[in-house]
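S.K.: If you read the sequences in order, they're chains U and B. Residue numbers for the first sequence follow this note's numbering, beginning at 1 and rising by one. Residue numbers for the second sequence follow this note's numbering, beginning at 1001 and rising by one.
Just to be clear, a hint being listed does not mean it is correct.
From the structure, some residues in chain B lie toward chain U, with a derived Cβ separation under 8 Å [as the list claims (entries may be wrong)]:
1. L1059
2. L1065
3. Y1066
4. V1069
Simulated DEER-style distance windows between Cβ atoms [what the hints assert, rightly or not]:
5. U/S44 to B/G1025: 37 to 45 Å
6. U/L37 to B/V1036: 34 to 42 Å
7. U/K24 to B/G1033: 52 to 60 Å
8. U/A220 to B/G1020: 30 to 38 Å
Heads up, incomplete: computed chain U residues facing chain B, CB under 8 Å, no partners named [unchecked claim]:
9. V42
10. N181
11. A184
Simulated from the structure, these hints should not be mistaken for laboratory data. Ideal Cβ placement from N, Cα and C applies to all residues, glycine included.
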Amino acid sequence: MAQESGINALGQFQLTTGFGAFGKAIEFTNSNEMMLLAAVIVTSLFVVALRQRALVPGRMQGLAEISYEFVHNMVLDTIGEEGKRFFPFVFTLFAFILIGNILGLFPYFFAFTSHIAITGALALFVFALSTLVGFWYHGIGFLKFFSPPGVPGWLLPLLIPIEIVSFLSRPISLSVRLFANITAGHVMWEVFAGFMLMLVSGLGAVGVVAAIIPLGLNIALTALEFLVAFLQAYVFAILTCLYLHDAIHMH
Amino acid sequence: MAIDTLLLARDVGAGLATIGVAGAGVGIGNLFGAFVGAVGRNPAARDKMFRDVLLGFALTEAVALYALVIALIILFA
């Protein structure tokens, strides 16, 4: 993508329509395709892996059980016993984001988590759910959440607005974190790949040798991006748990 | 040759916005420094601590990316 004007780092996030003419008619984008694919992968993984129900799990069943137990422990450790009823929600979020992040790392695949519209929708859903859960458990008393216990009275006029703002900024930070991580990773790939093309077109044979350096960086970045893909799904899930914990236990 | 001051200011602003990444550099260095120190004291707790370190790493790294997003917004939006 190295044109005369430089590197078009954000071109890779352009939406196109998939599924041919039918997709065009209903504006079914490549992002939607990937979301559908992620959902199908998660579902079919569990259907296939758990079909045998062996007492000694095979490789696929082991994978399903490990991921189940990983999230299950995370939810129970963070939220407590009440967390059990939120486990399906957190696991769905975790699996969907994880598969979405990883799918986006493959060439010609689209990283739907690199669009803030999608992460924003997920984060708003988490935010709305945790707020509703707070009011469901505590009624109007949930508003006490904004005045932390043990604070002197004269500090409250200062503290309550801060608490409210920090509460309201949760969906923003939650969505921007995921979107920025995935976007930044893909942009860095594009930039280093652009360097390679520039070196080759600018310096010729010397440039081909020099281009090994950005290539090596890109390979190292690939490893980092796989880590980030998992880590961001994990962080999204554990922050969801923390918010639900706040809603249920009030701090 | 006339210089487009607006474009110039935009590029300078985007460059300034990336200074925020320095803070995340300090944070990540701090985090892993403390982790190495803690593992030196109590190597048995390594795996237990590493989970929290990863979480802290992701949270800190996200701060750097906020700065990056602001830079990108200045440049492209």
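S.K.: Against the range 34 to 42 Å, how does the distance between the Cβ atoms of U/L37 and B/V1036 compare: consistent or not?
M.R.: holds (40 Å)
S.K.: Does the Cβ distance between U/K24 and B/G1033 fall inside 52 to 60 Å?
M.R.: Holds, at about 54 Å.
S.K.: If you check the beta carbons of U/S44 and B/G1025, does the distance land in 37 to 45 Å?
M.R.: holds (42 Å)
S.K.: For the restraint on B/Y1066, tell me whether the closest CB of chain U is nearer than 8 Å.
M.R.: holds (6 Å)
S.K.: Taking the closest Cβ pair, is B/V1069 under 8 Å from chain U?
M.R.: holds (5 Å)
S.K.: Please test the hint of 30 to 38 Å on the beta carbon pair from U/A220 and B/G1020.
M.R.: violated (24 Å)
S.K.: The hint names U/N181 as touching chain B; please verify it with the least Cβ-Cβ distance against 8 Å.
M.R.: At about 6 Å, which falls below the 8 Å cut-off, the nearest Cβ of chain B leaves the hint on U/N181 intact, so it holds.
S.K.: Holds or violated: is the Cβ of B/L1065 closer than 8 Å to a Cβ in chain U?
M.R.: Cβ of B/L1065 sits 4 Å from chain U, so the hint holds.
S.K.: Is the interface hint satisfied for B/L1059? The criterion is a beta-carbon contact with chain U at less than 8 Å.
M.R.: At about 7 Å, which falls below the 8 Å cut-off, the nearest Cβ of chain U leaves the hint on B/L1059 intact, so it holds.
S.K.: A closest beta-carbon separation below 8 Å is what the hint needs, so does U/V42 meet it against chain B?
M.R.: violated (22 Å)
S.K.: Would the stated hint for U/A184 survive a check requiring a Cβ distance to chain B of less than 8 Å?
M.R.: holds (5 Å)
Consistency with the previously given hints fails for numbers 8, 9, ordered from lowest to highest.
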